[in-house]
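Colleague: Spelled out, the chains give:
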Amino acid sequence: MTNPTSIRAATDDGSEQWLLRLYVAGQTPRCLQAFANLKKICEENLTGKYEIEIVDLLKNPQLASGDQILAIPTLVRKLPEPVRKIIGNLSNAERVLVGLDLRPRVTP
Amino acid sequence: MTAVRRSLPKCPTGIKGLDEITGGGLPSGRTTLVCGAAGCGKTLLGLEFLIRGIADFGEPGVCVTFEETAEDIVTNGATMGFDLAQFMSAGKLAIDHVFIERSQIEETGEYDLEGLFVRLGHAIDSVGAKRVVLDTIEALFAGLSDDAMLRAELRRLLRWLKQKGVTSILTGERADGRLTRHGLEEYVSDCVILLDHKAEQSISTRRLRIVKYRGSQHGTNDYPFLIDDQGLSVLPITSIQLAYPAPRERVSTGVEALDSMLGGNGYFRGSTVLISGSAGAGKTTFASFFCDRFCRAGGRALFFTFEESPDQIERNMSSVGLDLKQWREKGLLCIDATRPTMTGLESHLVRIHRIVVQFDPGAVVLDPLSSFVDTAQPFEVASMIARLTDYLKQRGIVTVMTRQIAAGTPAEGTEANISSIVDTWVLLRDSESEGERNRGLYVLKSRGMRHSNQVQEFVFTDQGINVPTRAQGSSGGLVGAVRLAQEQVERRANEARRLTIERKEREIARKRRMIERQMAELRADLEEDEVALRQLHAGESIASLSESEETFRLASADPNGTGVTE
Numbered sequence: 001m002t003n004p005t006s007i008r009a010a011t012d013d014g015s016e017q018w019l020l021r022l023y024v025a026g027q028t029p030r031c032l033q034a035f036a037n038l039k040k041i042c043e044e045n046l047t048g049k050y051e052i053e054i055v056d057l058l059k060n061p062q063l064a065s066g067d068q069i070l071a072i073p074t075l076v077r078k079l080p081e082p083v084r085k086i087i088g089n090l091s092n093a094e095r096v097l098v099g100l101d102l103r104p105r106v107t108p
Numbered sequence: 001m002t003a004v005r006r007s008l009p010k011c012p013t014g015i016k017g018l019d020e021i022t023g024g025g026l027p028s029g030r031t032t033l034v035c036g037a038a039g040c041g042k043t044l045l046g047l048e049f050l051i052r053g054i055a056d057f058g059e060p061g062v063c064v065t066f067e068e069t070a071e072d073i074v075t076n077g078a079t080m081g082f083d084l085a086q087f088m089s090a091g092k093l094a095i096d097h098v099f100i101e102r103s104q105i106e107e108t109g110e111y112d113l114e115g116l117f118v119r120l121g122h123a124i125d126s127v128g129a130k131r132v133v134l135d136t137i138e139a140l141f142a143g144l145s146d147d148a149m150l151r152a153e154l155r156r157l158l159r160w161l162k163q164k165g166v167t168s169i170l171t172g173e174r175a176d177g178r179l180t181r182h183g184l185e186e187y188v189s190d191c192v193i194l195l196d197h198k199a200e201q202s203i204s205t206r207r208l209r210i211v212k213y214r215g216s217q218h219g220t221n222d223y224p225f226l227i228d229d230q231g232l233s234v235l236p237i238t239s240i241q242l243a244y245p246a247p248r249e250r251v252s253t254g255v256e257a258l259d260s261m262l263g264g265n266g267y268f269r270g271s272t273v274l275i276s277g278s279a280g281a282g283k284t285t286f287a288s289f290f291c292d293r294f295c296r297a298g299g300r301a302l303f304f305t306f307e308e309s310p311d312q313i314e315r316n317m318s319s320v321g322l323d324l325k326q327w328r329e330k331g332l333l334c335i336d337a338t339r340p341t342m343t344g345l346e347s348h349l350v351r352i353h354r355i356v357v358q359f360d361p362g363a364v365v366l367d368p369l370s371s372f373v374d375t376a377q378p379f380e381v382a383s384m385i386a387r388l389t390d391y392l393k394q395r396g397i398v399t400v401m402t403r404q405i406a407a408g409t410p411a412e413g414t415e416a417n418i419s420s421i422v423d424t425w426v427l428l429r430d431s432e433s434e435g436e437r438n439r440g441l442y443v444l445k446s447r448g449m450r451h452s453n454q455v456q457e458f459v460f461t462d463q464g465i466n467v468p469t470r471a472q473g474s475s476g477g478l479v480g481a482v483r484l485a486q487e488q489v490e491r492r493a494n495e496a497r498r499l500t501i502e503r504k505e506r507e508i509a510r511k512r513r514m515i516e517r518q519m520a521e522l523r524a525d526l527e528e529d530e531v532a533l534r535q536l537h538a539g540e541s542i543a544s545l546s547e548s549e550e551t552f553r554l555a556s557a558d559p560n561g562t563g564v565t566e
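Protein chains in written order, with the numbering used here: chain P, 1 to 108; chain B, 1 to 566.
Calculated directly from the structure, the hints in this document are not laboratory data.
Not one of these hints is a red herring.
Not the full set, but computed from the structure, chain P residues with beta-carbon under 10 Å of chain B:
| # | residue |
| --- | --- |
| 1 | A25 |
| 2 | T28 |
| 3 | P61 |
| 4 | Q68 |
| 5 | I69 |
| 6 | L70 |
| 7 | I72 |
| 8 | P73 |
| 9 | I86 |
| 10 | L90 |
| 11 | R95 |
Result set (DMTMM-like, lysine to aspartate or glutamate): computed pairs, CA atoms no more than 25 Å apart in a straight line:
| # | chain 1 | residue 1 | chain 2 | residue 2 |
| --- | --- | --- | --- | --- |
| 12 | P | K59 | B | D125 |
| 13 | P | K78 | B | E110 |
| 14 | B | K504 | B | E516 |
| 15 | P | K39 | P | E51 |
| 16 | B | K198 | B | D229 |
| 17 | B | K92 | B | D72 |
| 18 | P | K40 | B | E110 |
| 19 | P | K49 | B | E107 |
| 20 | B | K164 | P | D56 |
| 21 | P | K78 | B | E107 |
| 22 | P | K39 | P | E81 |
Quick reminder that beta carbons are idealized off the backbone N, C-alpha and C, glycines included.
Work out the full structure, taking the sequences as your base and the hints as a guide.
Modeller: Written out as structure tokens, the structure is:
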């Protein structure tokens, strides 16, 4: 990754490291919203063991195909494996946590 | 193309036949929807649109595929003989595989498809694309749950494509009662093409129809099309009219006797010839002789056989002294063998068209037409053959078709009613009499030329088609054993006549000799008398001299004392 903005938060305490990548397209309200929501969720649930990369596709359009990005914004959990994707402005924290496998899926 | 008013700029697809139906191609800078059921050729049409654009029109393209991977697309291109990888490395083609798996995606809150736009925009910019194919964009509906958003984004996408100035194709799967499962046709307003796949009597035919083409005239029929190793070929069948030229040039039939029956010159160039006859009458052989002669004269002949393999024809024809192999090796003759049941009638037609365009022959043989009757309705066969012969005529090609007549049916009857489209109709008749079958050749009709009204017998020999000298009996031409008998009778009569003449000659000679002998005797008599007379004259004077001396002289002249001769 050459360009993506990296936000490293807190310390590495040796436990599971989370790498989250948020794909955005410019500074749209929806993208800013998503970033704010994500940061909040991470601070509350993954304190000290997460890393967020922001990829702006308007600047780096060639990066879109690597993670099969269609929808904007898209959050990709790169680590831990397996890869998970969450699309939308991440307004529903519960569903984000489910998407990140931090909450068990509720089988309907 | 005739000069027509162009209200709409068109983007030629380069797909055989499609540009003719659409009057020049797809609407340039707009979006065309190609829809149809699974396996009807949507993807291939889109892909060929891109490939032809790159190869024939110098227009780079982008393929966004939602179902197949880029490798699959490259493989598909290879089946059409194109190296897509090379196009890609040359910067003329970009393939983007958009993969979307609902189970891996959690949706929370608002989103849009900007990511797709970014990818597409990037791909278009990277190759400078003029053509874009999105195959099949409806996969989005399966991958994402927000229908309303998708529809809005789809609308935005189409507007955006138009702004980009690219000519694009969307493909969509057909659903019951609708052109596409998710109603894409509501968004695409410029051009909609429907592909179809119909099976009749277990033989499937692909068809293409232009459902809508805003601002342009277009053919409205179902057009059969074919997919093979050269991609798509659409056949604009009904566009052919009765406006072909009629050349006066003639080409030999390859059989001298038939040439002379057709006024000595053979078939017209660009005419349609039907050779009909019962099984084993020699139809294929006549057609082969025609091909042989045509190639000998340097022409290119295309032989479609629906019953035999090329090798078999070659072998069989060598038994009548024809070496077809040499022409095949020289590339003048092409023998194409297919089973009539292989594909539908229309597909055959398209296929024949395509091969004709490729090989560019001056003569085409269809052997035999009758095989088609089993596969389809007679009406359809007739209409297919009419379209085919019209097309071949337009190209100035001599078409020789053979047709088997079932035993027991009148020779002139043809189930498919193709007689009216035939210019020259040669009938090979098998007549049975006196315990044998004999082959007869008859020209039933031949438009625009003088032709014989006689049934000409012929026999096959290892040197070719041989025509025995015609024998005329009291009740018409004689064939076979009857002819041989007649010949024998004539030979005997000749012999008898010869003998009579000889006898007469001998008789006259004898008479002449007799008369000459008689004449000689009479002359001798006369001379004797004259001598006697002279002696009498002389006797008078001698007697006056000495009678005794005269007596002595006579005695010495005739020692026998006969006194008869001098």
